[in-house]
Each structure stands twice: as structure tokens, then as C-alpha cells.
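Letter by letter, the chains look like this.
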Amino acid sequence: MNKWSRRAFIGAGTVAGGGFLLGVAGFTFAPSRHSLVSADAAAKGQLTTWITITPDNMIDILIPHCEMGQGASTALAMMAAEELEADWSLVRVQEAPAEDAYANGYIIRAMGGGYVPAMLGRGVDYGAYKAMEWIGLMVTGGSTSVRGTGEWGMRVAGAAAKEMLVAAAAKQWNVPASECVAKSSRITHAASGKSATYGELAPAAATESVPTSPTLKNPDTFTIRRTSAQRLDLPSKVDGSAVYAIDFTMPGMLYAALAIAPVQGGKLVAVDTAPADAMPGVKKVVKLDEAVAVVADSFWRARRALAALKPEFSDAGHGAVSTDSIFAAFDQALGPAPAVPKNAARTITADYRAPFLAHATMEPMVCTARVEGAGAETLAEVWAGVQDPLNARSVAAKALGTDVHNVRLTNFMLGGGFGRRLPFTFDYVDLGVRVAKAMSPIPVKTIWTRENDLQHDYYRGAALSRHAGALDANGTPLAAHSNYTGGGNDEAVFMPYKIAEMAAEGKKAPHAIREGQWRSVLNSQHGFFKESFIDEMAHAAGKDPFEFRRGLVTEQPRFKAALEKAASMSGWGTPLPPGEGRGIAVCDSFGTICAEVVHVAVSPEGQLKVLNVYAAIDCGDVINLDGATAQAEGGIIFALSAALLSEITIDKGQVVQTNFRDYPMIHIADAPKITTAFIRSDAPLGGLGEPPVPPLAPALCNAIFAATGVRVRELPIRKTSLKKA
Amino acid sequence: MRMFGVSSEHIMPITLTVNGKAHTLDVEPEMPLLWALRETIGLTGTKFGCGIAACGVCTVHLDGRPVRSCVLPISAADGKTVTTIEGLAPDGVLSKVQQAWIAHQVPQCGYCQSGMIMAVAALLAATPKPTDADIDAGLTNICRCGTFARVRAAIHDVANSTDGSAS
Ligand code: FES
Ligand code: FES
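Chains A and B, in that order, give the protein sequences.
Quick note on numbering: numbering that gives the first Met the number 0 labels position 617 of the first sequence as 616, and the sequence is numbered without any gaps.
Quick note on numbering: numbering that gives the first Met the number 0 labels position 78 of the second sequence as 77, and the sequence is numbered without any gaps.
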């Protein structure tokens, strides 16, 4: 094995037979201009996006984000193809490899540094802020791909490539560039009747100088964006040919099954390896600091042998931690309900409780690695599914005590991400390379079982929120205050409502359970808290919950429009049969405003059926209409499953749930009809993967209240009896 | 062909036909079919999600019937015929279910979809014109990406296509 050089990859990426290769430099390197570089400069690493036009007229677009089902690769390719005036049917995409050259932290660095192009007028929001912490990483998360990479990279790359093709044609035909028209992967000069495909012009275009500030299209002339394009990654996902990390295989590869210290932070104290050593196919029992792994010639054999072991782990002093102890600490940290004005006609208080949640990506964590050499000379190849290949690569390098450039990481399509495969949560890569190191130089695939996955997640945090509100004699709200534990930020606690006194204060009650980012991050808890409470205030005021909200957002036109759209889609206000009800909620996250109305039926015995969800979404503009709709549907189902069923509990410092039997998911029978509408606004592009999540739980609980009079203040809903009060 | 030559007194050859091809495997009789398919035969389209028959991503057809291969001992497939997702489009022509999956743009991450498609193909073979209630009762696969609405629409599409056959 040689040292992995960046050049080796660049070489491989060059088109045989003289294609056209274009990259856009990151703003890191040129914060004051849209600097574009040719293939030469690309070799220096100043490259975030590549567009390649092959002699057979195909357009290859390299995407610096991973595909985890959110359709980002297709949407990003559409943004480049639009500016390029490409024939969409001739476009292919590929994910960029884990090389420094593709770091997309540049987007955020530029934003944080105050450089915001006109098309991105809005300031730094939470997604961007979070991503700032990950500077230098190649992150897919925070709903940033389309907003950042697309607007700042893909569009510019496409526009520049088009101008170079036009320039090449003009020169070849000796006509003014201004008379050449680019359309459907072809340049035409009407007066002379000359015409050539991009593929024919590519070699000449590659020698053109790169425009420093290409002109972007007026959105009114879009022909590819705003339409519904078939996702480019789908054909392989219906015939079993898509390769996920769990599918990767290589000759001589062994398999490992893991038992990890059940209490986070615990260590392996002792294990008698004899029972496993004797079993067929077992190659070695590997003892790690916090885990024991059985390596065998098949995963099933590894797992069977692991089950024969009785490893002892320490509990890191957390053996007494339980869900109850954590919530008791929350309660204490919150203290009495926040004070509200004394002169109010009516005051209300309420506590809301959100549980720990697991990501439970359908594909469990998997890492295959081959390690060679020792010490600083260690070389490694790693194959894993991650939302940030660069950070995953450094995790592997650190675990092996070698330089990052001695590690090559190959990423795969992800069998779900939802925030589980983000920076600082690559324990599966860390463990995987350490197991492989113990077997060096034999490649080892370490597969997590569902039990490993549910018990060793980076959980969505549990939280408790204590609210107090005040109304005057007319039912006009005077104050809405809250104290909360479990973390928060300005975006998560933001309420668009015009209320004289509003405050939300975070209280600290640290605990030993490790947490991570879960689809929509802190908005998932706070959306439930704040939109449940405003509903309670509406009912206390004796007002319709939609009209109450609408009256408070007169100065927030985007919120108003979203609320009105969702209400009208749902037939808000029209009569429903007894036992049915509608609930509404609106949340702003990742630059997108999403209002949802949920329509439920609750039987006299308290049996809940979610019939309809209506979502009105203002994410500025939509790239791939059908893809965007799918993201909304997926976010709603993801949130619904959690709201109805999901809870991770802790006992003796350990996660109690083990598999889908005790951490169940909804099935198709539980899935409501979902109707989605997108509102086009002049706001910059917002995220889509996450914003449909936060309003779902409150809209659902508000609907249950409308149907039954039962107010659900604790998730999941199954813990509350819905029998009519 | 013979694969996985490990000697052990527990091991006895298992013969089965997978996607039209005969295989003789030297594996423990209790090894689940899933792992024999994925690791011994090398067909990785069938996925692992829970190992306890609770999610359905490992669904394949055993003599035409849907089974969750993660809990089915390979001995139960001895002498039988197995169809996996790779066998659904034998000549590269997608089955009607697969075509409907593309038309409705069903998959997101796609990881559950091999099992989902196999479960649906079996459902349609048994009930060519399923009602929503039939679908609700017959399909218990988990999809974390939440593709259910499209799954339902695609099933109805296949059922309503002219000859009603799902193949
Ligand atoms: S892996 Fe077989 S049902 Fe989940
Ligand atoms: S498409 Fe991702 S789990 Fe179903």
C-alpha cells in the first residue's frame, strides 16, 4: 500500500480522451470573489465542485455531500444543470471522495465572516451556525446541502461552464459570443445556422479562461429547477444493486460482532475468551478498552460466539442513573414556574416532557477497515457510511495514531442518517478500525446489531419545559415564559407571536447519557413545548387556535401565510364528526417555515387514528418538487413514529430498549394521508430534511385535545390515556 | 457449486435454488438464510435490520411465500427455491412492482426497499387487488424514511394495471 495522495484521486477523476473539467474554488481561498479554477488548480486542492463534460456529451457532476435518501445529489445536480443549460437527461452524479479538497465548511466560513452574497440575504441561522462548528468538514446535515453548496457552488460552477462553452463556440465560428445561445446541452448560432453539442465543444472550452463572475439565471427563466425530476439514485434502490457500507466486501475479509460497555464510559474489566475461541469460524477475540469483539469468518458465527461470552464491564460511576433520576434533576433545576404579570385576568402553567430518542437508521452502523504497518507509519483503508467523510477519516486516523493522509475512506449510500452519522458520533468508525488493527493486515467488517445500535446511540436529548402564560380580560396574551432543561438555542425557542413579554431560559441539569443531533435537532423538543403551550393559551382565551395564532403574527408575513395555507388545505373550521379533531402548529427551523394541521379520530375507548396531515412549507423556493414533497412526507412520518411510540429509557445507567420489539416504529397501517404545499417566497433557500419534523408532535397533540379534551403533555403519546375526560 | 468449506461435525451440505441457480452450502443448519445469502452466496440486496423478524428488510420468497430470512434457519430452505430482490428482474426487465416503485419515486435511503418490494410482490401474488385494509394488514415492514404513502399508491397502481399480475 502506498501513501494515499490527493493527486492519485485527481488523476483518476480526469476524463480520458480529453473531456472538460471544471471546479469552483471555495470561498475559503477567495472570499471576495467567485473564484473559478481549472483542472490544474484543482490539482492544488482548490476545488469544491466538479463539472465534467465528456466527449460523448454526458455531464458528470461531482457532489460533495453524501446521499442518505434526502435526494440532495439530484437537487444539487439540478442547480448546476440549470445554470449550465444542460439537457437534464444527459446528467450523471457521483459523490466526491473524502479528500480535503471537498471540504464544504467554506460555505459557512464565508457566511460567518460576514460575506453573504445578495442571493443569500438572510443571516446565519442555526443550521449554518451548527455547521460553523464543523468548519473544514464535509458535512451533510443541518439541511445545508442545497442551501450552501447549491447556491454557492453548484450554480456558479454551472454558469461558468456555460460561459466557457459559449466562448469556445464563438471563437470556433468567429461570431460574437452574445449571439450564441446555450440550450439543452447545445450551443446554437441562429444567424449562421451553426450548432454544436457541449461534448463537441468541451475540449476547446477547457482551454478558455475561467470567468471570475459568471451571470446566474433569473429564476423566472428556470426550466429544470422547480420541476419534478426523477431521483438519479433510485434505479439501484429497486433492484438490490445499491451498495451500502454493510454490503461492501473484499477477498479474505473477516467479520466482527461487538459487545460494548452497556453503561456509557464503562470499561472492559474481564472476559474469559475460551468459550468463543473454541467455536467454529472464530479467528480471535479482540479485547478493547470499552468493548469486546469476536472476529470470525461469518458475521453470524461471530455473533453466536460473542453470545457465549460473559464480559464484565465497569459502569463509570453511572450505575445509579435512571430516567427518573434524570427527570427529577430536571424538575429541580427548573424550580417554580416562571413569574408572569400580577395584573393578568388569567394565568396558566404547564410542564411538557420529551423523552430520549434513538435514530434507529434502518441500516445499522457498519465499518470495514484494513490496517497495515505500525505507529505513525500505519496505513488504513476504511469503508463506512457517514454524513461527513472527512471527520470520519480523522476519527480513524486518531484511533490508529497515524496521519489523516495515511487513511483512505470510501463512503457509501447511507441506509438512513437522521443525524446519527455526523461529526463527533463516529464511534463505529473508531471501534471498527481498532478491531481491524488487532487483525492487521486482514480486512474486517464490524457490523453493529440493532441491539448495539439502540443501546449505543447519541440520543436525542430528553427535556422538561415549564411554561407560564398570562392573558388579559379580552383573552389577549400578555406574557409567555418558559424555563427548560435539555438544551436550547435562539432558533429552537423562537416564537413568532407578538406578545408583550416573552422569555425562555435554559437551566442546566447535566447527566451521563450521551446526546447527538437528531433530525431537526433541538427544534424537535422545543417545537412540541412552545406550540403546545400557545395552543393551551388559545383555549384559555376561549379562541380558535388558528385564529389566535393568526392574530399574533400580523407582523410575520411568512408565518401568517404558512398558517393560513395549512388551515385552508385542511378545511379548518368546517364541522367534524364527534371524536375527531384538528390541531395546528407552526415552526421555523433551518430557514424554513412549516405549518402543519393534523386531523385525528379518537374512539370512545381512547384509540387514536391519525387521518390526515397537511403541511404548508415556505423554504424560499423548491428545487426538485417531487423530491421536496418526499422529504416532507418522510419528515412527517419520522416525527409521527416518535410522537406516538418512541422512548428510550435508562435503568442502572443502561439503555433499556434493545430492538424494534421494545422500540417500535409505525407501520403503513398507521400512516396518515399527507398533503403538502410549498409556498414560494423571496426568502433564501431553507432546509427541507428537517423542518417538517418539529410542528408534527404539537399539531397532533393539539388535535387530540380538540377531539377529546385530553391535553397530552408528555411524549410519546401512548403513555397518556386518550379516553375522553 | 460448494462454498464456505469449514469442517465441523455440525455442518452438513444444504442444497437450495436461489434466483434459478442451484447452490450447495456447507454451513451450520441453524445459520439464518439471510447470512447465507449475503455472505456465503454473495447476494447483498437482501438487508439486515433487526435480526428478530420485526422490520422486514430481510424479506425473501421461499417457494413463493414471503419469509423474514433473518430468523429462518438455512435448514428450512433445504431443497427449496428462494427468490431475492436480485431475482425479481431476471433479464434486466424490472417487474411491475419495481417499475411502479420508480414511477412513484418510492425509495428514499432505499435500505428497506428490497424487503418492502419482496413483501409487496408476495402480497400482490396472494391478493391481486388489495384494499387499503388488506395492505394495512398484510404489510408490516418498517421504513424509517417514511415512504408509506408512496408504497400504498404504487401498490394500487400495480393492482389497477390491466392484467393485474405483479410479475
Ligand atoms: S432483519 Fe429480518 S425482520 Fe428485521
Ligand atoms: S427508504 Fe429508508 S428506510 Fe425505507
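Please note that the accuracy of each hint is not assured.
[To be verified] Which chain A residues face chain B? A few, computed with CB under 8 Å, are given here:
1) PRO335
2) ALA336
3) THR360
4) THR409
5) TYR496
6) ILE498
7) ILE635
8) ARG660
[To be verified] Straight line, CA to CA, 25 Å or less: simulated DMTMM-like cross-link-like pairs of lysine to aspartate or glutamate:
9) LYS672/A with ASP62/B
10) LYS608/A with ASP131/B
11) LYS309/A with ASP330/A
12) LYS672/A with ASP135/B
13) LYS718/A with ASP135/B
14) LYS608/A with GLU29/B
15) LYS397/A with GLU289/A
16) LYS672/A with GLU29/B
Treat the hints as calculated values from the structure; they're not laboratory data.
For each residue, glycine too, the CB sits at the ideal point set by N, CA and C.
Each hint, compared with the structure:
1. The beta carbon of PRO335/A is not positioned within 8 Å of any beta carbon in chain B (closest approach about 40 Å), and the interface hint is therefore violated.
2. Interface restraint check for ALA336/A: the shortest CB-CB distance to chain B comes to about 36 Å, outside 8 Å, so the restraint is violated.
3. Evaluation of the THR360/A hint against chain B yields a held restraint, the C-beta minimum of about 6 Å falling below 8 Å.
4. Taken as an interface hint, THR409/A does not check out: its beta carbon lies about 16 Å from the nearest beta carbon of chain B, beyond 8 Å.
5. Among the interface hints, the one on TYR496/A is violated; its C-beta lies about 30 Å from the nearest C-beta in chain B, farther than the 8 Å criterion.
6. At about 34 Å, the closest approach between the beta carbon of ILE498/A and any beta carbon in chain B exceeds 8 Å, and the interface hint on this residue is violated.
7. For the restraint placing ILE635/A at the interface with chain B, the shortest Cβ-Cβ distance is roughly 7 Å, inside the 8 Å limit, so the hint holds.
8. Evaluation of the ARG660/A hint against chain B yields a held restraint, the C-beta minimum of about 6 Å falling below 8 Å.
9. Proposed proximity of LYS672/A and ASP62/B is contradicted: the alpha carbons are some 35 Å apart, above 25 Å.
10. Taking the CA atoms of LYS608/A and ASP131/B, the gap is near 15 Å; set against the 25 Å cutoff, the hint holds.
11. Between LYS309/A and ASP330/A, the direct Cα distance comes to roughly 38 Å. Violation of the 25 Å bound is thereby established for this hinted pair.
12. Simply put, LYS672/A and ASP135/B have alpha-carbon atoms about 13 Å apart, close enough for the 25 Å limit, and the pair holds.
13. Simply put, LYS718/A and ASP135/B have alpha-carbon atoms about 24 Å apart, close enough for the 25 Å limit, and the pair holds.
14. Of the supplied pair hints, the one linking LYS608/A and GLU29/B is violated, its CA atoms being roughly 41 Å apart against a limit of 25 Å.
15. Only pairs whose Cα atoms come within 25 Å are accepted, and LYS397/A paired with GLU289/A is accepted, the gap being roughly 16 Å.
16. For the proposed pair LYS672/A and GLU29/B, the alpha carbon gap of about 42 Å is over 25 Å, so the pair is violated.
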